[in-house]
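Peer 1: Spelled out from the first residue to the last, the chains are:
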Amino acid sequence: MIICSNLSKAYTHGGQHKQVLNGVNLAIARGDRVGLLGRNGAGKSTLIKLIGGVEMPTSGKVTRSMSVSWPLGFAGGFQGSLTGFDNARFIARIYQREYSDIRRFVEDFTEMGKQLRMPVKTYSSGMRARLAFALSLAIEFDCYLIDEIILVGDQNFQRKCQAEMFEKRQDRSMLVASHSPDFIRSFCNKAVIVHEGRATLMNDVDEAIEQYDRL
Amino acid sequence: MTNGRFSRLFTSWAVQVRVIHALMIRELITRFGRENIGFLWIMAEPLLFAGLVGLVWHFSHGATEHGVNVIAFVATGYIPITLFRHGVARSVAVFTANQSLLYHRQIKIVDFILARFIIELLGSMMAYLFMAVVLIAFDVFPIPADIGLLIAGWLIYCLFCFSLCLIIGPLSEISEAWEKFIPVTTYIMIPFSGLFYMVSWMTPNFRDFLLMSPFVNGMEMMRKGIWGDKVTAYYDIWNPIICSAIGIMIGLLLCRRVRRILTVE
Chain C
0 MIICSNLSKA YTHGGQHKQV LNGVNLAIAR GDRVGLLGRN GAGKSTLIKL
50 IGGVEMPTSG KVTRSMSVSW PLGFAGGFQG SLTGFDNARF IARIYQREYS
100 DIRRFVEDFT EMGKQLRMPV KTYSSGMRAR LAFALSLAIE FDCYLIDEII
150 LVGDQNFQRK CQAEMFEKRQ DRSMLVASHS PDFIRSFCNK AVIVHEGRAT
200 LMNDVDEAIE QYDRL
Chain X
0 MTNGRFSRLF TSWAVQVRVI HALMIRELIT RFGRENIGFL WIMAEPLLFA
50 GLVGLVWHFS HGATEHGVNV IAFVATGYIP ITLFRHGVAR SVAVFTANQS
100 LLYHRQIKIV DFILARFIIE LLGSMMAYLF MAVVLIAFDV FPIPADIGLL
150 IAGWLIYCLF CFSLCLIIGP LSEISEAWEK FIPVTTYIMI PFSGLFYMVS
200 WMTPNFRDFL LMSPFVNGME MMRKGIWGDK VTAYYDIWNP IICSAIGIMI
250 GLLLCRRVRR ILTVE
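Taken in sequence, the protein lines are chains C and X. Take the first sequence: its position 15, counted from the start at 1, is 14 in numbering that gives the first Met the number 0, and no numbers get skipped. Take the second sequence: its position 249, counted from the start at 1, is 248 in numbering that gives the first Met the number 0, and no numbers get skipped.
These are calculated hints, taken from the structure and not from any lab test. We put the CB at the ideal spot given by N, CA and C, even for glycine. Among these hints, one or two may not hold up.
Capping the alpha-carbon separation at 30 Å, the derived lysine-lysine pairs in DSS-like fashion look like this [stated by the list, open to error]:
1) Lys60(C) to Lys179(X)
2) Lys113(C) to Lys60(C)
3) Lys120(C) to Lys229(X)
4) Lys107(X) to Lys17(C)
5) Lys159(C) to Lys120(C)
6) Lys17(C) to Lys179(X)
What follows is a list of derived Cβ distance ranges for each label pair [what the hints assert, rightly or not]:
7) Ile249(X) to Ser4(C): 30 to 36 Å
8) Ala88(X) to Glu195(C): 41 to 47 Å
9) Phe58(X) to Ser124(C): 41 to 47 Å
10) Gly112(C) to Phe5(X): 44 to 50 Å
11) Arg103(C) to Arg104(X): 47 to 53 Å
12) Glu195(C) to Ile249(X): 35 to 41 Å
13) Thr62(C) to Arg206(X): 27 to 33 Å
14) Glu195(C) to Leu251(X): 35 to 41 Å
15) Asn24(C) to Ala43(X): 55 to 61 Å
16) Leu47(X) to Gly22(C): 42 to 48 Å
17) Ser179(C) to Leu251(X): 40 to 46 Å
Input sequences plus hints: build the corresponding full structure.
Peer 2: Here's what the structure looks like:
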């Protein structure tokens with residue numbers, strides 16, 4: 000379970016104050032595949048960062064009773080000046096995994112070959128997505144936090160994700176922010192709409208997408 | 000219950016050790032690369048500094064001062080202060096530089112400061128050892144009279160440096176204005192670091208004043224440990240320990256506060 004109780008987040012910069020989330024209550028159970036819907040700037044990424052523990056809430060609490068991946072997104076998680084392999088080695092170290100296993104999986108899943116010897120800052124966002132997914136799949140989390148990035152991959156990558164994430168690991172939970180109704184319809188069994196600082200969990204995905212369309 | 004708590008503490012400890020180890024390797028690779036002498040470069044700067052300033056003093060002040068070899072005297076002063084200056088410089092904006100790694104929950108912001116400080120610490124210890132061995136070979140540096148006191152002085156000096164890093168790291172994140180003051184502050188610190196003198200060379204009034212600086216106490220201990228009876232040293236071991244303890248407390252509180260408001264891209 001992941002439980003968000005009364006979660007609020009405000010950013011303050013140079014006298015400006017922005018309340019992004021205001022009293023979010025949410026529970027994600029084991030096996031839930033939750034699609035996160037909301038307009039640009041509604042707070043989807045902020046919510047994912049709070050659940051992932053990247054940023055701390057202004058008030059409220061996140062309780063995690065299963066292992067949660069770091070947010071897989073366009074930014075974060077990697078050191079740009081290091082190569083793909085060095086990043087893999089770093090992640091193997093901090094998550095206490097055998098580097099050789101991780102390396103084998105990453106080479107196999109990303110199909111990036113020699114590119115893995117190049118600094119991550121030279122990667123395209125699709126390549127970053129491949130690396131991030133490969134590493135987090137190799138580590139095996141109970142819950143994956145995915146911020147948009149799944150859709151930047153090509154057909155081949157999407158097929159692999161489909162096989163690894165949605166077929167082999169059906170028992171895992173997932174929270175995925177996406178603007179693609181098709182994606183959410185086909186892979187999620189629940190949806191959350193983030194709007195005006197609040198989050199509403201809906202068990203009917205189609206209804207949620209309809210509501211999101213009207214926003 | 001207590002057993003469970005202890006095992007949890009032990010697991011967390013193991014995680015932090017692993018994280019700091021990984022961060023140090025990452026830092027060494029990004030800073031020094033894998034080419035030529037690699038991370039041995041870390042010794043280069045303190046050594047050059049100590050060696051060249053020592054030579055300048057040798058020619059401007061004569062070969063000895065108060066019965067102590069000038070090159071050795073300056074070198075023992077310069078290596079600790081390069082640790083202090085590098086430590087402080089490396090702590091500025093340390094969180095912003097590493098923020099992409101905060102995506103991994105087990106990495107805490109104190110780990111960033113610790114990893115960088117330990118690297119600086121190892122570098123200056125290696126430089127110290129290397130310099131001592133070379134100077135001993137040329138017979139200008141004595142075999143330390145009391146190696147325990149030397150090490151104790153060094154550790155105390157380092158502890159105080161670390162407590163300052165722990166404060167400066169989060170402060171530089173709260174306000175950029177702080178950064179502007181750091182170069183001038185480290186410069187003004189030089190006379191209060193015990194670099195160029197023994198306190199016993201000063202008048203009694205000034206001596207009491209200088210001994211308020213934790214750095215001076217640590218430096219006096221190190222020099223007493225090296226030269227033994229050839230020099231007179233004044234120090235109070237509690238001054239640097241208490242100052243460091245207070246500094247570390249403030250630093251940890253600041254880190255905790257900054258972590259709550261840190262925005263990560």
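Peer 1: Would you mind marking each hint as holding or not holding in the structure?
Peer 2: Hints versus structure:
1. Lys60(C) to Lys179(X): Cα-Cα ~37 Å, so violated.
2. Lys113(C) to Lys60(C): Violated: Lys113(C) and Lys60(C) sit about 43 Å apart, past 30 Å.
3. Lys120(C) to Lys229(X): 57 Å, violated
4. Lys107(X) to Lys17(C): Judged against 30 Å, a Cα distance of about 26 Å means the pair holds.
5. Lys159(C) to Lys120(C): 24 Å, holds
6. Lys17(C) to Lys179(X): Distance of about 29 Å is within 30 Å: holds.
7. Ile249(X) to Ser4(C): 30 to 36 Å: The hinted range 30 to 36 Å holds for Ile249(X) and Ser4(C), with Cβ atoms some 32 Å apart.
8. Ala88(X) to Glu195(C): 41 to 47 Å: This hint holds: roughly 45 Å between Cβ atoms.
9. Phe58(X) to Ser124(C): 41 to 47 Å: 59 Å, violated
10. Gly112(C) to Phe5(X): 44 to 50 Å: 47 Å, holds
11. Arg103(C) to Arg104(X): 47 to 53 Å: Given range 47 to 53 Å: violated, Cβ gap about 25 Å.
12. Glu195(C) to Ile249(X): 35 to 41 Å: 40 Å, holds
13. Thr62(C) to Arg206(X): 27 to 33 Å: Roughly 58 Å apart at Cβ, these two residues miss the hinted range, so it is violated.
14. Glu195(C) to Leu251(X): 35 to 41 Å: Holds: the Cβ-Cβ distance is about 37 Å, inside 35 to 41 Å.
15. Asn24(C) to Ala43(X): 55 to 61 Å: Since Asn24(C) and Ala43(X) have Cβ atoms about 56 Å apart, the given range 55 to 61 Å holds.
16. Leu47(X) to Gly22(C): 42 to 48 Å: Violated, at about 58 Å.
17. Ser179(C) to Leu251(X): 40 to 46 Å: Cβ of Ser179(C) to Cβ of Leu251(X): about 44 Å, so the range 40 to 46 Å holds.
Of the numbered hints listed earlier, those contradicted by the structure are 1, 2, 3, 9, 11, 13, 16.
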